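Those protein sequence lines, which keep their order, are chains L and E. Under numbering that gives the first Met the number 0, the residue at position 106 of the first sequence is numbered 105, and the numbers go up by one with no gaps. Under numbering that gives the first Met the number 0, the residue at position 118 of the second sequence is numbered 117, and the numbers go up by one with no gaps.
Careful, some of the hints might be misleading.
As the list claims (entries may be wrong) - Partner residues aside, some chain L positions facing chain E, computed with beta carbon under 8 Å: (1) Ala17; (2) Leu18; (3) Pro21; (4) Tyr27; (5) Leu30; (6) Arg84; (7) Ser342; (8) Gly343.
Just so you know, the hints here were simulated from the structure itself, not pulled from any lab data. These figures come from a predicted structure and were not determined experimentally. We put the CB at the ideal spot given by N, CA and C, even for glycine.
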Amino acid sequence: MTSLLPRRARRLVSLAEALLTPHGVDRYLELVNPMLVRREIRGVVTDARRQTADTVTLTIRPSRAWRGFRAGQYVRVSVDIDGVRRTRCYSPACSQHRADGRFELTVKADPHGLVSRHLYRTADRGTVLGLSLPDGGFTMPDRRPDRVLLISGGSGITPVLSMLRTLVDEEHGGEVTFLHYADGADDVLYREELAELARRHRGLRVVTAYTATGDGGDLNGFFSAAHLATAAPWYRDAQTYLCGPKPLMDSVRDRYDADGLSERLHTEEFTPPALTFDAADAKGRIRFAHSGTEFPNSGKPLLEQAEDAGLSPEHGCRMGICFSCTKVKTAGQVRNAKSGDVSGEENEEIQLCISVPVGDVEIAG
Amino acid sequence: MTGLQDRLTPEQVEEFGRELDDVRRRIVADLGAEDVRYIHNVIKAQRGLEVLGRGLLFAGFFPPAWLAGVGALSLSKILDNMEIGHNVMHGQYDWTRDPALSSQRFEWDIVAPAENWRHSHNYIHHTFTNILDKDRDIGYGVLRMDPTQRWHPYYLGNPVYAALIAVFFQWAVMLHDLEFDRIVKGERTFADAKGVVAKMVRKASRQVGKDYVLFPLLTGPLAPLTLAGNATANLVRNLWAFGIIFCGHFPAEVASFTEEETENESRGQWYLRQILGSANITGGSLFHVMSGNLSHQIEHHLFPDIPARRYPQIAGEVRAICEKYGLPYNTGGLTRQLASVAGKIVRLALPWVGEPREPGPRPSRLGVENQPAAA
């Protein structure tokens with residue numbers, strides 16, 4: 000009997016799809032309640048708290064198509080601002096084993112950030128957000144390393160905090176150090192929870208470093224070899240996971256390179272990796288139809304070329320993950336700088352930031 | 000020199016183009032949450048009417064319920080095809096980046112597959128508007144809709160073919176993309192049409208499946224009534240859409256063009272052709288919504304990718320620009336425009352009506368000596 004039910008339910012769903020063609024069941028269900036959708040992934044905010052002056056922490060209950068995430072991954076979050084859907088990537092900060100199936104995002108309001116400021120100002124209980132399946136390879140191996148060093152700065156805390164909470168839930172038996180950089184005590188996200196976790200778990204050490212105030216932290220000032228030696232003297236034997244602002248990422252990476260440990264350092268890139276393209280080979284002309292702007296192809300990605308020509312297309316990550324700069328290409332061929340694939344399909348949606356024109360290209364937007 | 004370019008001096012054409020570009024820029028800069036709220040409300044109304052119509056047909060044994068059901072379903076299909084489908088698929092809401100409003104993903108409640116239609120309509124018809132031998136919407140490759148089309152005894156049936164197209168409009172729109180006339184002429188092979196046909200078969204079977212099989216079956220003993228109801232709703236939509244669309248380009252004073260006339264067009268000249276080749280229909284705001292704002296065909300052809308709710312807002316300005324440059328702004332009530340189209344369909348069935356094209360250049364019908372049609 001139990002095996003019959005899902006089949007019967009499946010049949011009902013396909014009947015409903017056949018009756019509601021061409022729009023599909025979701026387009027009707029969402030008019031009753033946006034969270035009833037079956038295929039699309041959405042999330043409703045069940046709790047919003049502002050733990051520091053410029054951040055908001057959201058608890059989100061995802062719709063039924065959600066399949067969970069692995070600590071360290073990110074999801075694409077979409078909101079409509081002035082009628083336009085904007086998408087940005089955020090990493091859940093909670094354990095991947097969270098029992099109620101919800102997850103937590105902490106968003107820092109960047110003074111220039113359209114989406115982060117909007118979420119900080121308006122997100123509240125009941126707000127519905129668009130979500131994607133989780134993505135990203137910044138994760139721990141299934142067989143957890145014995146020694147784990149988690150380094151973060153500012154709002155880069157979220158993916159590594161997710162790792163920490165996951166390890167705690169798994170009752171990880173080895174040594175874990177959580178080294179976090181913030182301007183000062185008031186800017187430390189999850190300060191009390193981190194202290195509480197450190198009290199309760201043997202083998203876990205939480206070290207906070209204050210970069211602006213110069214005192215009051217476990218450590219003070221910017222990252223240095225001395226910090227590393229103090230916080231995790233065993234870092235050479237550990238796997239290190241790092242996420243934070245570019246200067247922090249760079250200095251940690253330099254240190255690990257100097258020590259010949261770059262294999263043991265794993266980073267979440269929130270800055271674009273260097274893309275390879277050849278300006279010497281560039282041919283053809285680029286046309287942005289909406290504005291009527293036309294210019295010769297310089298061989299750089301379309302987003303940069305558009306900006307060089309004085310246009311300001313909407314964009315986000317500039318590295319091909321957030322899909323904010325997606326536009327319809329009406330004609331021509333582009334090479335995906337990430338995959339190297341060349342595609343020449345008419346009216347296909349491309350990401351400007353990682354699409355390099357091959358010859359004449361026309362963009363609709 | 001040909002007439003299309005002669006109407007205004009090159010400087011005037013450029014200035015005229017700039018004025019229209021300004022109108023466009025202003026509207027584009029103003030797009031926002033209000034436009035999204037509007038289309039979401041139309042979608043809600045359409046889905047609501049659809050569910051209501053389908054529901055009422057379950058009580059189709061009771062004549063008022065059947066009539067109300069057919070009415071609601073007809074309105075739903077009209078809204079879906081015209082104010083929602085046609086406009087969304089033009090990319091009018093692509094700027095919202097909402098996948099549900101994306102021109103590339105939207106599919107409408109009609110047998111013609113969105114993808115085929117987008118090519119023949121958005122590209123061919125809107126680029127080559129009213130250019131003979133290029134714009135396949137002139138008579139749909141079946142009718143004689145222009146005096147310069149050479150007469151053939153076949154065209155004696157012009158009114159009959161037009162009536163058939165009206166009654167079976169959704170199928171006509173679907174088959175239009177097959178370009179059957181070009182296959183007959185040998186300009187296109189069946190192999191070329193294979194991909195297009197596969198999409199038609201898939202889409203049409205889904206549409207037929209729900210309207211003529213599944214919903215009738217679900218109503219059990221009422222199946223014949225439900226089937227008749229769904230067929231009537233499709234018919235109502237067919238007649239309405241045919242009427243609105245034929246009024247857009249074929250009333251008597253609307254111009255058509257030759258390929259030579261339109262070579263190397265500037266943006267201003269393209270705008271000019273769109274204005275001369277389109278006609279509006281006057282009416283109230285509900286009428287405009289039900290026509291998908293194609294009652295503002297002129298504004299739509301100038302700015303096909305601007306949300307249609309904006310057309311009535313800019314109509315006054317566009318008309319003033321036309322007057323300033325002495326250009327016709329063809330508009331009239333539905334009855335007048337329909338009568339004008341019907342007259343044209345009947346007249347052009349006759350061999351002695353028309354002006355066969357001579358080989359080589361010919362004097363244009365759009366020369367400066369023509370007085371602007373009374374607007």
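Structure-based check of each hint:
A distance limit of 8 Å between C-beta atoms decides the matter here; for Ala17(L) the minimum to chain E is near 6 Å, and the interface restraint holds. About 6 Å separates the beta-carbon of Leu18(L) from the nearest beta-carbon of chain E, less than 8 Å, and the hint is met. Interface hint status for Pro21(L): upheld, as the beta-carbon distance to the closest one in chain E is roughly 4 Å, under 8 Å. Below 8 Å, beta-carbon pairs count as interface contacts, and Tyr27(L) has one with chain E at about 6 Å; its hint therefore holds.
Because the beta carbon of Leu30(L) sits about 6 Å from the nearest beta carbon in chain E, less than 8 Å, this interface hint is met. Nearest Cβ of chain E to the Cβ of Arg84(L): about 4 Å, under the 8 Å cut. The hint holds. Interface restraint check: Ser342(L) against chain E, minimum CB-CB distance 14 Å, threshold 8 Å, status violated. About 16 Å separates the beta-carbon of Gly343(L) from the nearest beta-carbon of chain E, more than 8 Å, and the hint is not met.
Of the hints listed earlier, those the structure fails to meet are numbers 7, 8, in rising order.
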